[in-house]
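Colleague: Each chain is listed here by its residues.
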Amino acid sequence: MSFNNHFNFNRFVRLFQQDLLINRTKYLLAILGLGLITYLLTYWFLSSSKSSIMSYAESINNLYMVCFMFFMMGVGVIVGTAFPDLTDKIKTANYLLSPGSAFEKFLVQFLLRIGIFIPIALGIFWIAIRLAKASLIPEMLYETHFFDPAVVPYFEYRLLVTRVDKVWDIWQILFMIFGFFSYGTYLFAGTTYFKRYALVKTVVISAILFFSCILFSMLLSNIFYTQTKFFDIRLQTFYVTENLDSTEFSLLSISLLSWVFFIGMAYFKLKEKEA
Amino acid sequence: MISIQHLTFQYKKQDALFTDLSFEQHNGSIVGLLGKNGAGKSTFLKLITGLLKPQIGELNINGFKPFDRLPDFLSDIYMVSEEFSFPSITIVLYIKATAPLYPKFDYEKMNKILQEFELDAKKNLNGLSHGQRKKFLIAFALSTNCSLLILDEPTNGLDIPSKSLFRKILVSSVSDEQLVLISTHQVKDIETIIDTIVVLDEGKMVYNESVFNISQQLQFKTVMSLAGIENLIYQEKCLGGYRIITAADELEETEIDIELLFNAIINKVTLKSISHVV
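Protein sequence lines correspond, in order, to chains G and A.
Mind the numbering: the first sequence is residues 13 to 287 in this note's numbering, read in order.
Mind the numbering: the second sequence is residues 43 to 320 in this note's numbering, read in order.
Any given hint could be a false lead.
As the list claims (entries may be wrong) - List time: in silico DSBU-like cross-link candidates among lysine-lysine, alpha-carbon distance up to 35 Å: (1) A/107 - A/164; (2) A/55 - A/107; (3) A/210 - A/310; (4) A/95 - G/38; (5) A/54 - G/103; (6) G/103 - A/95; (7) A/107 - G/103; (8) G/213 - A/95; (9) G/207 - G/145; (10) A/164 - A/205; (11) G/101 - A/95; (12) G/213 - A/107; (13) A/54 - A/78; (14) G/103 - A/263.
Derived by calculation from the structure, the hints in this document are not laboratory data.
Full structure from sequences and hints, please.
Modeller: Right, dumping it as structure tokens:
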């Protein structure tokens, strides 16, 4: 079977253009809305945390991290609503019959929801949170405390992975980056698997899986370590490398590799989709 | 071209809808696909377009296996579904976005049909009535110049002048390289444009005949009494007499009453002289 049946650049560009032409207003509003909401929420959050910022220098990093986590949830909503045509039987038929290969259709959505969107979203977050910080005004908090926004550092992505002036280990940074990416691809794959409420179902399943793992670990801990209190988890760990134990290595492996499975799953579910 | 050999299909947890169904149709004709509700017409169309995967059987549409849904296959078929939905954009933007996906798309033809259907290209698709959106979809389908056009209940939702206009536009737009498959309950709407009649019943193609052959072999009349009628094949009571089908004689050729013919087929009447009864 020729490569042209799976990917042809001109055809891909036409499919991509079709999506952009039809949904451009929607995409633009989503990006602007995300930026505005991020600005307002981070401004409100930073404003209401002035005293903690002044009393504890390190807290700004934590606050920025909280803002970032919430922002990534918003990004997750956009990623988790990929393949919008697959939510409806009529639209599904039209989508599956549009002239393009399954791979091209997959790639269009992947780029629009992850490949292109996430760098844009990270840029928006950077701008919005810096604007929010710039909007903070000096004020007297108590009689002796004065809040001076000038002492609050502007947001840098580096701050997310810095604690007490020390940058995280490489594996921790990789774990975070690929953790977000893998969870994004998981949400993305969910949209090809479920017809309706894919985002909600995918998130609920991930929560069930997470708590099942915790419960299972608790159960094993209680079986094999009789002194363990019921809610405690004890894991037999060993060092895989000099500063990476087996638990950390397992988590890092899941984070680094699971996206491959989810991307494959999304493609094959789309390819085998019926209407 | 459609070539189906020994097709078997069933939905999950249901009885088989088609068992060992075979069907062949070449380009250059407008085929009327008729059948009762639940006969499987829409499922049949979905199988042809590759929206469903058959359990058993060989399907060959324009040289492709439909369920592979290869781009070259998809760019040469167009299906007008009974139910449809559009994004909230103008007609002109929809054409600009979607037409490039069909290599044989004819923009002039599109404009001409839009004018004939009195559709304003600047209007938003979701601001149009159901009938207007259907007309737009038909116009788009015809302009793609795809080898296989599938129209599922195309006249549903069209008013009387539009139905007549639809017939006129369809006949003038379709070329000999194309095959048009029209699935409908409203046989009266398409009886003047189809050149082949196919009837699907109980999971089988029970009838597949060209209009020319039918008119050569059968006669359709309305008579006051059945007395003295020779070669009577089928009859139905109607206001003031009977609608009947008789074997054709060489003296006169009558217009085909598709509704009566369909009823005869569904009632399992043997249309003796028909050679292609499956």
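Colleague: State for each hint whether it applies.
Modeller: Hints and how they fare:
| no. | hint | verdict |
| --- | --- | --- |
| 1 | A/107 - A/164 | 38 Å, violated |
| 2 | A/55 - A/107 | 25 Å, holds |
| 3 | A/210 - A/310 | 33 Å, holds |
| 4 | A/95 - G/38 | 34 Å, holds |
| 5 | A/54 - G/103 | 22 Å, holds |
| 6 | G/103 - A/95 | 18 Å, holds |
| 7 | A/107 - G/103 | 22 Å, holds |
| 8 | G/213 - A/95 | 26 Å, holds |
| 9 | G/207 - G/145 | 41 Å, violated |
| 10 | A/164 - A/205 | 23 Å, holds |
| 11 | G/101 - A/95 | 16 Å, holds |
| 12 | G/213 - A/107 | 34 Å, holds |
| 13 | A/54 - A/78 | 22 Å, holds |
| 14 | G/103 - A/263 | 45 Å, violated |
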